[in-house]
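**Student:** Chain by chain, the residues run as shown.
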Amino acid sequence: MGILARAGDLRLSRRSFVVSALFAGGSLIIAPRLIGTAQAAEAAELNAFIRIPPAGPIELVIASVEMGQGVYMGLSTLLAEELEVGLDQIVAVPAPANPALYSHPVLRDQITGGSVSIRGFWEPMRKAGATGRLMLVAAAADRWGVPAASCRAESGEVIHAASGRRLAYGELAQKAAGMPVPQDVPLKPASAFRLIGKPARRIDTPAKVDGTARFGLDARPPGVAFAAISICPTFGGTLGSVDDAEALKVRGVRKVVRLSDAVAVVADHTGAARKGLAALRIDWDRGANASLTTQELERRADAAMAGDALVAVNEGDVEAATGGPVVEAVYRMPILPHTTMEPMNCTVHVRPDSCDVWVGTQVAGRARQTAAEVTGLPVEKVIVHNHLLGGGFGRRLDHDGVTMAVRVAQQVEGPVQVVWSREEDVRHDSYRYLNLSRIDIRLGPDGMPVALRHRVVGPAIMARFLPIFFKDGVDFDIIDAAESPYRIPNKRVEFARHEAPEGMLTGNWRGVGPTRNAPAIEGGIDEAAHLAGIDPVEYRRRLLSGNPRLLAALELAAGKAGWGGDLGPRRGRGVALMAAFGSFAATIAHVHVGPDGALKVERIVCAVDCGQAVNPEVLHQQVESGIVYGLSAALYGRLTIEQGAVVESNFDDQPVLRINECPEIEVHVIESGEAPGGIGELGTPGVAPALMNAIFAVTGKRLRALPIDTAELSGS
Amino acid sequence: MAFSLNVNGRSYAIDVDADTPLLWVLRDVIGLTGTKFGCGVAQCGACTIHLDGQAVRSCVTTIESAGTSPITTIEAIGDTPTGHRVQQAWLEQEVVQCGYCQSGQIMSATALLNENPAPEDEDIDAVMAGNICRCGTYPRIRAAIKSAAAGVPAGKGG
Chain L
1 MGILARAGDL
11 RLSRRSFVVS
21 ALFAGGSLII
31 APRLIGTAQA
41 AEAAELNAFI
51 RIPPAGPIEL
61 VIASVEMGQG
71 VYMGLSTLLA
81 EELEVGLDQI
91 VAVPAPANPA
101 LYSHPVLRDQ
111 ITGGSVSIRG
121 FWEPMRKAGA
131 TGRLMLVAAA
141 ADRWGVPAAS
151 CRAESGEVIH
161 AASGRRLAYG
171 ELAQKAAGMP
181 VPQDVPLKPA
191 SAFRLIGKPA
201 RRIDTPAKVD
211 GTARFGLDAR
221 PPGVAFAAIS
231 ICPTFGGTLG
241 SVDDAEALKV
251 RGVRKVVRLS
261 DAVAVVADHT
271 GAARKGLAAL
281 RIDWDRGANA
291 SLTTQELERR
301 ADAAMAGDAL
311 VAVNEGDVEA
321 ATGGPVVEAV
331 YRMPILPHTT
341 MEPMNCTVHV
351 RPDSCDVWVG
361 TQVAGRARQT
371 AAEVTGLPVE
381 KVIVHNHLLG
391 GGFGRRLDHD
401 GVTMAVRVAQ
411 QVEGPVQVVW
421 SREEDVRHDS
431 YRYLNLSRID
441 IRLGPDGMPV
451 ALRHRVVGPA
461 IMARFLPIFF
471 KDGVDFDIID
481 AAESPYRIPN
491 KRVEFARHEA
501 PEGMLTGNWR
511 GVGPTRNAPA
521 IEGGIDEAAH
531 LAGIDPVEYR
541 RRLLSGNPRL
551 LAALELAAGK
561 AGWGGDLGPR
571 RGRGVALMAA
581 FGSFAATIAH
591 VHVGPDGALK
601 VERIVCAVDC
611 GQAVNPEVLH
621 QQVESGIVYG
631 LSAALYGRLT
641 IEQGAVVESN
651 FDDQPVLRIN
661 ECPEIEVHVI
671 ESGEAPGGIG
681 ELGTPGVAPA
691 LMNAIFAVTG
701 KRLRALPIDT
711 AELSGS
Chain E
1 MAFSLNVNGR
11 SYAIDVDADT
21 PLLWVLRDVI
31 GLTGTKFGCG
41 VAQCGACTIH
51 LDGQAVRSCV
61 TTIESAGTSP
71 ITTIEAIGDT
81 PTGHRVQQAW
91 LEQEVVQCGY
101 CQSGQIMSAT
111 ALLNENPAPE
121 DEDIDAVMAG
131 NICRCGTYPR
141 IRAAIKSAAA
151 GVPAGKGG
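Line by line, the protein sequences are chains L and E.
Letter by letter, the first sequence follows residues 1 to 716 in full-length UniProt numbering.
Letter by letter, the second sequence follows residues 1 to 158 in full-length UniProt numbering.
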């Protein structure tokens with residue numbers, strides 16, 4: 001069961017939004033109220049999603065932020081499909097920070113994450129488009145004195161075929177705003193789609209190949225200064241003393257800003273700020289975590305594994321299943337950074353009566369809120385200028401960087417851009433915290449599982465991040481996909497909540513819960529197949545009788561990967577399945593392991609079914625992207641803690657995949673008319689287990705910890 | 001110290017310390033923000049520019065070392081035949097996702113094709129391994145470089 005289904009009462013009901021229309025600022029504005037709360041209904045501003053001016057391109061307001069996942073394309077496509085405009089006739093503009101108007105219908109906050117943008121906006125955006133179109137048609141029909149049914153909309157015009165008359169939407173905007181707003185508008189059947197599911201070039205990319213795209217770090221408000229920041233390396237530590245004599249001598253340095261837990265150097269340009277920062281002599285008061293090490297954190301997690309846990313899923317009776325061979329294994333996942341290409345940054349101008357924030361964030365509303373809280377200003381006095389994100393992956397779901405930048409800006413006259421170095425970015429992330437999974441699979445006489453028990457040890461991120469997904473002590477995200485997609489009569493998932501030490505921020509990481517659980521589930525099932533002496537694909541096939549979509553993905557991937565065919569010496573394949581985010585994926589990795597343990601990932605085949613594709617090319621892109629992100633983590637992702645601080649600091653000691661290491665990647669898509677599922681994270685969870693299972697196929701060595709330790713493979 | 005920089009065919013008088021990396025001069029002083037900051041230690045390639053036609057990492061190239069050699073950034077690379085072809089190939093192959101690293105990728109790829117109009121996979125690996133992409137666009141970068149190379153008129157480079 002997916003995380004959204006678990007919080008089933010939060011699903012968007014058909015009656016939970018109504019569409020309004022008005023003429024304001026010279027444009028027709030179509031505004032579906034997404035939540036239907038009294039608060040939204042009474043809001044002075046309308047949550048415009050479509051603005052049709054008298055001339056020029058139609059503005060489509062995009063509530064989700066663009067961080068590479070193609071959501072400007074995706075949501076524009078939904079609106080344009082029903083509005084009957086071409087993608088060359090619109091511009092996508094980011095929604096302002098205002099959760100009362102632009103909250104995600106399911107997450108109920110202005111959040112872009114969890115692979116739910118298309119799922120949440122699938123219906124409301126199409127209804128908004130259809131409402132706008134019907135009102136424009138009605139306006140034209142009224143003007144011409146003909147029945148609306150005799151008119152049609154096409155490419156931004158209403159056409160009366162019988163008389164050959166046509167009017168552009170812009171010419172009809174004002175009149176259309178006065179027409180009755182139709183309710184319960186019908187939507188096109190899939191067979192009538194002209195944009196959804198059809199190839200079309202992304203609309204956000206031309207500006208990204210010629211240097212004109214603006215990311216948060218490119219904000220240049222007039223008079224902006226630049227600050228380099230150093231935050232206490234030990235989590236929860238504070239600033240002791242700072243000797244800034246040398247820093248202040250650096251040309252271009254204007255000021256040294258001291259905060260309780262950080263120090264920043266403000267200068268004319270980032271180069272001078274960084275040089276000034278390096279010239280500071282800083283004594284940190286390392287605080288309670290001063291002696292913390294990775295070993296100690298792992299010891300604490302082991303203790304949590306041995307302690308109490310809550311039962312999160314309980315089907316059948318795992319206790320009643322006795323006898324037969326058992327797979328029992330513990331899988332270990334490390335602490336991971338996000339390392340978005342664009343390091344953390346935020347530009348802020350604090351004035352006595354207002355505050356401007358320029359940033360790329362997945363949580364614009366929270367960015368606005370934190371700026372209000374830090375400055376003490378009313379929230380409506382804070383303006384967040386949201387930018388393109390140079391990668392999100394969950395890092396920009398936390399607003400700690402905004403909070404910090406506002407604190408710096410409070411001590412600076414005029415706007416200041418606070419820039420994290422890569423080292424600071426790695427050492428002050430919202431980490432994917434380490435977690436442990438103990439898997440316990442009991443086999444029946446036929447070698448197939450009769451009972452699955454999975455104990456998950458890790459943090460409850462949702463308790464602070466989205467409490468609607470935290471109930472009775474159970475975090476719905478961390479147990480997402482923990483019970484496996486397989487038909488096993490008795491299942492139990494247990495959750496032992498285990499938090500990082502105070503002062504260390506932990507958060508969401510691409511693939512979220514399913515990525516945490518896939519190694520244990522898919523590794524465990526592979527171990528069970530081996531114990532039963534059954535081929536891993538055949539074994540899974542037998543367990544998928546109730547899951548035709550996942551079974552079809554498995555069959556497609558196995559066929560494309562040539563499963564069962566001989567690859568020659570020291571080569572092998574491994575498989576992993578994933579049902580998550582409303583989608584289905586089968587991943588097959590093909591590896592070579594040298595006698596010295598050297599691992600080469602040669603090919604990854606991934607078959608997916610994610611329902612109706614909105615844009616087929618973006619779908620391919622996202623699955624490829626998820627795979628590469630998962631590969632980086634599987635091969636290299638691990639942070640080490642010494643003195644309560646992260647040891648690694650940059651791409652040299654925390655490597656990520658480079659082009660010369662990138663395998664051949666094949667994505668195969670099952671055409672489907674089912675409702676769209678998420679794609680942004682779908683590729684990630686299966687990579688590590690497919691890789692580990694492939695390594696087992698080659699070497700007979702069962703790896704149960706990430707990242708993959710090739711030293712363990714030497715001589716195997 | 002005052003330096004005279006030649007960027008995208010324009011001359012700029014810049015008054016900063018001699019050890020200031022070009023990256024910050026371009027982005028913060030001149031205002032050409034297309035060149036990106038990713039690591040500060042020549043590990044990721046996001047800050048790649050052309051100095052005298054060679055791809056260099058502007059985060060570790062000081063203004064002093066640049067002298068008066070011509071600098072080309074992503075903002076002007078489309079004015080060169082190879083750069084334009086690379087940009088078009090990037091769009092045709094739908095390489096781009098978040099886009100943050102792509103300025104550097106395009107600058108590296110353009111330098112590669114100027115040197116070697118028909119690169120093999122190993123040539124692409126050797127040059128492009130210096131440019132990290134966290135969105136994982138590598139397979140498409142490879143395809144786009146090949147398609148840009150295929151578009152080279154016979155006997156003509158750069």
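There could be a bad hint or two in this list.
[Said to hold, decoys possible] Computed list of lysine to any residue pairs in SDA-like fashion (alpha-carbon distance at most 25 Å, straight line): (1) K175/L / A92/L; (2) K255/L / Q88/E; (3) K249/L / I14/E.
[Unchecked claim] A few chain L residues that face chain E, going by a derived Cβ cut-off under 7 Å, partial list only: (4) D210; (5) A213; (6) S241; (7) D243; (8) S291; (9) R422; (10) E617; (11) R658; (12) C662.
No lab work stands behind these hints, which were simulated from the structure alone.
Cβ coordinates follow ideal geometry from the N, Cα and C atoms, glycine included.
**Student:** If a hint holds in the structure, say so; if it doesn't, say that too.
**Tutor:** Structure-based check of all given hints:
1. K175/L / A92/L: Judged against 25 Å, a Cα distance of about 24 Å means the pair holds.
2. K255/L / Q88/E: 44 Å, violated
3. K249/L / I14/E: Holds, because 19 Å separates the two Cα atoms, which is no more than 25 Å.
4. D210: OK, holds: D210/L within 7 Å of chain E, min 6 Å.
5. A213: 6 Å, holds
6. S241: At about 26 Å, which exceeds the 7 Å cut-off, the nearest Cβ of chain E leaves the hint on S241/L violated.
7. D243: Interface hint status for D243/L: violated (21 Å vs cutoff 7 Å).
8. S291: S291/L check fails; min Cβ-Cβ to chain E is 29 Å, beyond 7 Å.
9. R422: Holds, about 4 Å.
10. E617: 5 Å, holds
11. R658: 5 Å, holds
12. C662: Holds - the Cβ of C662/L comes within 7 Å of chain E, reaching about 4 Å at its closest.
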